[in-house]
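Student: These protein sequences, in sequence, are chains A and B.
Its first residue numbered 83, the first sequence is counted upward by one per residue in this note's numbering.
Its first residue numbered 83, the second sequence is counted upward by one per residue in this note's numbering.
I should point out that these hints are in silico values taken from the structure, not numbers from a laboratory.
Among the hints, a few may not be true.
The list treats identical chains as interchangeable, and a pair is accepted whether it falls inside one copy or across any two copies.
Said to hold, decoys possible - Here are the simulated DSS-like pairs of lysine-lysine, each with C-alpha atoms no more than 27 Å apart in a straight line:
| hint | residue 1 | residue 2 |
| --- | --- | --- |
| 1 | K201 | K330 |
| 2 | K93 | K183 |
| 3 | K93 | K321 |
| 4 | K315 | K95 |
| 5 | K362 | K201 |
2 protein chains.
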Amino acid sequence: MTNESLELFSKDKSFGGWVEMYRHPSSACQAPMNFTIYRPPQAEKGPVPILYYLSGLTCTHENFILKAGAQQFAAEHGLLLVAPDTSPRNTGIPGEDDDFKLGSGAGFYVNAITEKWAKHYQMYDYVTQELPAVIEAHFPVQPERVGLFGHSMGGHGALVVALRNPKRFRSLSVLSPICVPTESPFAIEAFQEYLGEDRELWLQYDANHLMQKNTELDLPLLVDQGEDDEYLKEYLLVKAFKATCEAKGYPLQLRMHPGYGHNYFFVASMMQDHLAHHAKALCV
Amino acid sequence: MTNESLELFSKDKSFGGWVEMYRHPSSACQAPMNFTIYRPPQAEKGPVPILYYLSGLTCTHENFILKAGAQQFAAEHGLLLVAPDTSPRNTGIPGEDDDFKLGSGAGFYVNAITEKWAKHYQMYDYVTQELPAVIEAHFPVQPERVGLFGHSMGGHGALVVALRNPKRFRSLSVLSPICVPTESPFAIEAFQEYLGEDRELWLQYDANHLMQKNTELDLPLLVDQGEDDEYLKEYLLVKAFKATCEAKGYPLQLRMHPGYGHNYFFVASMMQDHLAHHAKALCV
């Protein structure tokens, strides 16, 4: 991709650094894709570590950077934040905007294989291959120092991406993650649409299954979860994932937080700890 | 107002305290009004100081609490935040939603006197009289410890309210304020609609004029302003206000910030300092 095809459409100073929003033609998704970066003040002087954030259902490239309060801590630690959109937009696929849990805002970080979705919904390839190449080519980053985190559907995405690319990242954390999508109602519906009926394929995007088979990923995993999260019991299934991690002896730190819900008021409340968790591994 | 008429419609834990959104029938505005509070953890144990925030054009009761990142610091200092909506909504006034700088989201903190707007647009009375009475009656607050701040149109509102009620507040600050509304295009249009042609009445809502006449208000005033704010020169006129303050010997601290714009990326970047400024006066 040339510099010319990376369109900066919004730029704002924030905590001494810069929030920048870009649009670029995605070859993986055969559509324009949006992403936001936060360029910390330290990036003026030289390359800095990268921390990717994958967002949840309904989110665009904006929600995280507007609501999570991460820039304050990214500026403190010197981390370049990258927050991609959760799907391509305006692809022309019939009904793409009709259901908050399917299509626009609901890519679920999978590579679709069904006729309806396969052309544009290649979000796994987008976040694991194409976006990192764009970031490494165009921004002052240290590509060997990369962390990953995410929230809800993006927590699912972060766990799956890390488990399938066990040597790629130096740090990993999730908030309110969908841990067992193959048993989670919203995700089941999306997996059927995007992946068809092949349950073996579904399992390649199921963090709990991947953790059961895991032999390579060994990053300390911080998981924060609100106890009053309305989706906890039926949709997120973090206790099943915890049991899997314990059975495997995986270094999981699950923190349950009384009173907290699922939205960005929770995410923002946890942000300082998450950025410290990543900085500890990325900024050494 | 009875407890029954104060409707809690949203509640989320945030930084150890609670974000709560309320709707209540406003007698000043003859319409339901929305406001948001942040109840810090310290309010569990006893009454705490109050810090009012007045928002800018287009904002609802939500923008500040979602985007400014104030809860982190309110929890640190033990301040109860109050952020009212910027106007009544759905009043039935023709065209109320048609223009972002008039009607819904654009109350300008004045008491309208024109036939079209007078019944519902009594935002000055609402924020100076009715809302404080609601807060003091229903929440664990110290009504003698009250601070006030605001952004843009809400910076105008905060300055005007403080200058006209010089003994009411213990602390005052503003961000990107409209300082001379009688010479600011958006405000002129709104003042004509709400207040008619009586320029003497306009001046009662003009911070620069009120500062020229001021003999009572002597609170240290922190003003933060982005130098790359697109509205700075034509709409905000902070330099004229600074000159007025200097001529009066008023304790103004104006900080100009290179690179920063007008929106919540700027507001959030300044929030720690503003809450510390208020806490210094309110938490002694």
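Student: Next step is simple, just say for each hint if it's right about the structure.
Tutor: Hint-by-hint comparison with the structure:
1. Taking the shortest Cα distances, K201 and K330 never come within 27 Å of each other, neither inside one copy (37 Å) nor across copies (67 Å).
2. In this homomeric assembly, K93 and K183 come within 27 Å of each other (Cα to Cα) only across copies, at 24 Å, whereas the closest approach inside a single copy is 30 Å.
3. Only between protomers do K93 and K321 lie at most 27 Å apart by alpha-carbon distance; the minimum there is 25 Å, versus 41 Å within a single protomer.
4. Within a single copy, K315 and K95 get their C-alpha atoms only as close as 40 Å, which misses the 27 Å cut-off; across copies the closest is 19 Å, which meets it.
5. With identical chains, the CA atoms of K362 and K201 are never at most 27 Å apart, being 39 Å at best within one copy and 58 Å at best between copies.
Checked against the numbered hints above, the structure violates hints 1 and 5; every other hint is satisfied.
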